[in-house]
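Asks: Listed here are the chains, written in short residue letters.
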Amino acid sequence: MNKQDILDQLTEVFHDIFDDESITISPQTTAEDVDGWDSFNHINLIVATEMKFKIKFRAAETEELKNVGGLVDLIAAKLNVAS
Amino acid sequence: MSGLFTASVAKDDSVNILAQRSFTMADQNLFASLSGDVNPLHVDEIRARRTLIGDVAVHGMHTLLWSINVLAEQRRSLGNITHIDVRFPKPLHPNELVALNLTKETPTALHLRATVGSKVVAQIKLDISPSYTAIKQISADRPPLPPQKEYPAPQELSFPSIPGMQGLCPTFTSANDFDRLFPAAANLMGSETLRTLGACSYLVGIICPGAQSIFSRLNVDTDTSLLSMPLSYRVIEADERFLLVRHKIEGGGLRGEIEAFAPPPPPRQMSVSDLKLKISADEFSGQRALVIGGSRGLGELTSKIIAAGGGEVALTYAKGKEDAENVAQNLATTRTNTRILRFDVTQDNQAFYEEMATFRPTHVYYFATCQIFRHKSQAFELERLRTFMAFYVDGFWNLCRHLAGACPEHKMSIYYPSSVAVAERPPGMTEYAMAKASGEILCTDMDSLLPKLAVHIQRLPRLLTDQTNLVTRQDLSDPVDILLPIYRSMQQS
Numbered sequence: 001m002n003k004q005d006i007l008d009q010l011t012e013v014f015h016d017i018f019d020d021e022s023i024t025i026s027p028q029t030t031a032e033d034v035d036g037w038d039s040f041n042h043i044n045l046i047v048a049t050e051m052k053f054k055i056k057f058r059a060a061e062t063e064e065l066k067n068v069g070g071l072v073d074l075i076a077a078k079l080n081v082a083s
Numbered sequence: 084m085s086g087l088f089t090a091s092v093a094k095d096d097s098v099n100i101l102a103q104r105s106f107t108m109a110d111q112n113l114f115a116s117l118s119g120d121v122n123p124l125h126v127d128e129i130r131a132r133r134t135l136i137g138d139v140a141v142h143g144m145h146t147l148l149w150s151i152n153v154l155a156e157q158r159r160s161l162g163n164i165t166h167i168d169v170r171f172p173k174p175l176h177p178n179e180l181v182a183l184n185l186t187k188e189t190p191t192a193l194h195l196r197a198t199v200g201s202k203v204v205a206q207i208k209l210d211i212s213p214s215y216t217a218i219k220q221i222s223a224d225r226p227p228l229p230p231q232k233e234y235p236a237p238q239e240l241s242f243p244s245i246p247g248m249q250g251l252c253p254t255f256t257s258a259n260d261f262d263r264l265f266p267a268a269a270n271l272m273g274s275e276t277l278r279t280l281g282a283c284s285y286l287v288g289i290i291c292p293g294a295q296s297i298f299s300r301l302n303v304d305t306d307t308s309l310l311s312m313p314l315s316y317r318v319i320e321a322d323e324r325f326l327l328v329r330h331k332i333e334g335g336g337l338r339g340e341i342e343a344f345a346p347p348p349p350p351r352q353m354s355v356s357d358l359k360l361k362i363s364a365d366e367f368s369g370q371r372a373l374v375i376g377g378s379r380g381l382g383e384l385t386s387k388i389i390a391a392g393g394g395e396v397a398l399t400y401a402k403g404k405e406d407a408e409n410v411a412q413n414l415a416t417t418r419t420n421t422r423i424l425r426f427d428v429t430q431d432n433q434a435f436y437e438e439m440a441t442f443r444p445t446h447v448y449y450f451a452t453c454q455i456f457r458h459k460s461q462a463f464e465l466e467r468l469r470t471f472m473a474f475y476v477d478g479f480w481n482l483c484r485h486l487a488g489a490c491p492e493h494k495m496s497i498y499y500p501s502s503v504a505v506a507e508r509p510p511g512m513t514e515y516a517m518a519k520a521s522g523e524i525l526c527t528d529m530d531s532l533l534p535k536l537a538v539h540i541q542r543l544p545r546l547l548t549d550q551t552n553l554v555t556r557q558d559l560s561d562p563v564d565i566l567l568p569i570y571r572s573m574q575q576s
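Going down the list, the sequences are from chains G and V.
Residues in the first sequence are numbered consecutively from 1, following the working numbering.
Residues in the second sequence are numbered consecutively from 84, following the working numbering.
Check the hints yourself; a few may be wrong.
Ranges between beta-carbon positions, derived for each pair [as the list claims (entries may be wrong)]:
#1 MET51(G) - GLU438(V): 56 to 66 Å
#2 ASN302(V) - ASP35(G): 37 to 47 Å
#3 ILE565(V) - GLU32(G): 54 to 64 Å
#4 HIS485(V) - GLN28(G): 51 to 61 Å
#5 LEU79(G) - ASN409(V): 45 to 55 Å
#6 ALA415(V) - LYS52(G): 33 to 43 Å
#7 GLN249(V) - GLU32(G): 40 to 50 Å
#8 MET1(G) - PRO235(V): 18 to 28 Å
#9 ILE55(G) - PRO235(V): 33 to 43 Å
#10 LEU79(G) - ALA217(V): 29 to 39 Å
#11 GLU320(V) - MET1(G): 20 to 30 Å
#12 ALA434(V) - MET51(G): 54 to 64 Å
#13 LYS404(V) - SER26(G): 49 to 59 Å
In silico DSS-like links for lysine-lysine, alpha-carbon gap of 25 Å or less [unchecked claim]:
#14 LYS208(V) - LYS52(G)
#15 LYS54(G) - LYS187(V)
#16 LYS535(V) - LYS54(G)
#17 LYS331(V) - LYS52(G)
Heads up, incomplete: computed chain V residues facing chain G, CB under 8 Å, no partners named [what the hints assert, rightly or not]:
#18 THR186
#19 HIS194
#20 ARG196
#21 GLN206
#22 PHE325
#23 LEU327
#24 LYS331
Since the hints were made in silico from the structure, they are not lab data.
Note that this is a predicted model, so its numbers are computed, not measured.
For glycine and all other residues, C-beta sits at the position ideal for the given N, C-alpha and C.
Using the sequences plus the hints, can you model the full thing?
Replies: See below:
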């Protein structure tokens with residue numbers, strides 16, 4: 001699995017959480033770019049991401065995320081995916 | 084991503100609206116009596132304002148059942164619903180006009196979205212079987228049960244006590260009672276299953292997490308082989324990071340999971356006895372302090388600070404008389420007198436001003452506020468700005484004007500709490516920042532408008548109150564450390 005694979009699977013998580021299959025995400029995508037990505041859905045996203053990739057984040061790690069790229073990097077680190 | 088429930092903008096689903104309605108408080112009470120979920124969040128306008136949501140919210144299961152009922156009315160040839168996955172991203176409040184939108188339809192799936200303007204209050208995904216098989220109505224011959232006179236109160240649970248909880252979930256009415264409210268849904272799914280969905284509301288709102296709870300998600304298969312089994316629950320995860328509880332449920336025709344948040348209880352402001360450790364017994368002696376909005380939050384704390392320092396306090400409430408009495412009870416531990424008065428910035432307060440003519444306040448602390456973090460249905464809401472202006476500008480001006488008239492012979496020091504939001508402009512708070520900025524301008528001009536009043540303005544950071552008591556952890560300043568220096572400065576000026 002590489003980071004593009006992670007991004008593809010993360011896109012499925014976004015589609016599920018926001019019930020919108022037209023959403024496209026990139027490493028630069030931020031909460032301001034996605035309708036409904038508020039702090040409540042941020043928690044839903046994190047929980048669904050953990051289930052999808054069978055990993056766990058620390059609370060501080062999730063609070064420091066700036067964009068989707070940061071989330072992909074974090075997932076990659078948890079999965080020991082080379083950059 | 085900062086702050087829970089900030090504004091969101093959804094797509095325009097108006098072309099696919101299946102139905103619209105609003106829920107009244109009578110609807111709230113009816114569903115509470117059917118489900119047993121009498122959590123104050125749903126039925127008590129006074130106590131609901133102290134919850135994280137800050138106002139009465141419609142039961143999520145009520146929204147779901149209404150949605151399924153609408154769908155069943157309009158799609159007569161539906162197969163059986165085999166799976167329900169519903170999320171509640173934002174609260175729905177009584178009297179809001181909610182629209183039910185069909186966002187996706189395939190032979191085996193239907194997606195619905197309940198919205199208020201662009202605020203999404205429910206995302207519903209239903210899996211549908213290709214053909215319909217009639218569901219046996221197990222209790223169809225049972226008469227309706229009489230309404231319950233008393234329902235169990237919500238459990239007050241600490242988060243560490245939640246892991247491992249399990250048990251059975253009771254029901255409070257005949258399944259037939261759900262038929263009457265949701266006839267088409269009952270015809271489609273069977274009334275027992277509807278009652279079980281009601282019981283899911285009871286599980287979250289009364290049992291676990293109980294008193295402080297927010298229903299977030301129901302993700303279940305329907306299974307007729309489980310219809311005769313009572314609904315059982317077991318906590319399979321209690322996630323301390325997000326204060327999120329996950330239940331495994333089974334019985335009453337359903338099998339799956341429920342997710343609910345367990346936000347912290349309303350914060351308790353420091354007591355007078357604790358404040359006395361920080362405040363000299365006489366440093367506010369001689370003050371006759373009028374604390375507007377003194378029944379909770381920063382107004383409550385202000386009342387206690389002044390009383391702890393030997394000042395005399397008149398505190399006001401708009402709705403929470405019981406809260407005001409509790410504060411006064413705590414103030415009674417000092418030797419000062421306390422008055423409790425009703426004052427509502429949106430109404431005529433003639434009797435209040437007559438009493439002020441005799442109380443003759445030397446200091447006024449203005450903490451009248453509406454709900455600050457209410458979820459918006461549009462990016463900018465003019466009506467919301469008007470509401471903030473009514474509290475932070477009109478209400479403040481009217482108070483100052485009347486006090487100056489009622490007590491014309493003496494000067495008064497007035498504290499106007501502004502907010503760092505005026506400069507920092509946090510997302511989703513444009514209307515709030517605009518109203519506070521207007522209030523600042525009014526205060527600045529008060530020297531010429533009402534020269535007898537000395538107005539003190541300070542922008543406060545976000546401090547821990549009912550309104551900032553969020554699920555996500557925040558580093559908030561201790562309000563005593565922020566307010567006390569301001570009040571000491573006012574006392575000396």
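Asks: Give a verdict on every hint.
Replies: The hints, checked one at a time:
1. MET51(G) - GLU438(V): 56 to 66 Å: holds, 59 Å
2. ASN302(V) - ASP35(G): 37 to 47 Å: At roughly 22 Å between Cβ atoms, ASP35(G) and ASN302(V) fall outside 37 to 47 Å, so the hint is violated.
3. ILE565(V) - GLU32(G): 54 to 64 Å: violated, 30 Å
4. HIS485(V) - GLN28(G): 51 to 61 Å: holds, 55 Å
5. LEU79(G) - ASN409(V): 45 to 55 Å: holds, 52 Å
6. ALA415(V) - LYS52(G): 33 to 43 Å: The hint (33 to 43 Å, Cβ to Cβ) is violated, given that ALA415(V) and LYS52(G) are roughly 56 Å apart.
7. GLN249(V) - GLU32(G): 40 to 50 Å: Distance hint for GLN249(V), GLU32(G) holds at roughly 42 Å.
8. MET1(G) - PRO235(V): 18 to 28 Å: violated, 49 Å
9. ILE55(G) - PRO235(V): 33 to 43 Å: Given about 39 Å between the Cβ atoms, the range holds.
10. LEU79(G) - ALA217(V): 29 to 39 Å: Given a distance of about 48 Å, which is not inside 29 to 39 Å, the answer is violated.
11. GLU320(V) - MET1(G): 20 to 30 Å: Given range 20 to 30 Å: holds, Cβ gap about 25 Å.
12. ALA434(V) - MET51(G): 54 to 64 Å: For MET51(G) against ALA434(V), whose Cβ atoms are near 58 Å apart, the range 54 to 64 Å holds.
13. LYS404(V) - SER26(G): 49 to 59 Å: holds, 54 Å
14. LYS208(V) - LYS52(G): OK: LYS208(V) and LYS52(G) at ~19 Å, within 25 Å.
15. LYS54(G) - LYS187(V): violated, 29 Å
16. LYS535(V) - LYS54(G): At roughly 66 Å apart (the allowed maximum being 25 Å), LYS54(G) and LYS535(V) break the hint.
17. LYS331(V) - LYS52(G): holds, 19 Å
18. THR186: Holds, about 7 Å.
19. HIS194: Nearest chain G Cβ about 6 Å off; hint holds.
20. ARG196: Interface hint status for ARG196(V): holds (7 Å vs cutoff 8 Å).
21. GLN206: holds, 5 Å
22. PHE325: holds, 5 Å
23. LEU327: holds, 7 Å
24. LYS331: violated, 14 Å
When held up to the earlier numbered hints, the structure conflicts with 2, 3, 6, 8, 10, 15, 16 and 24 and fits the remainder.
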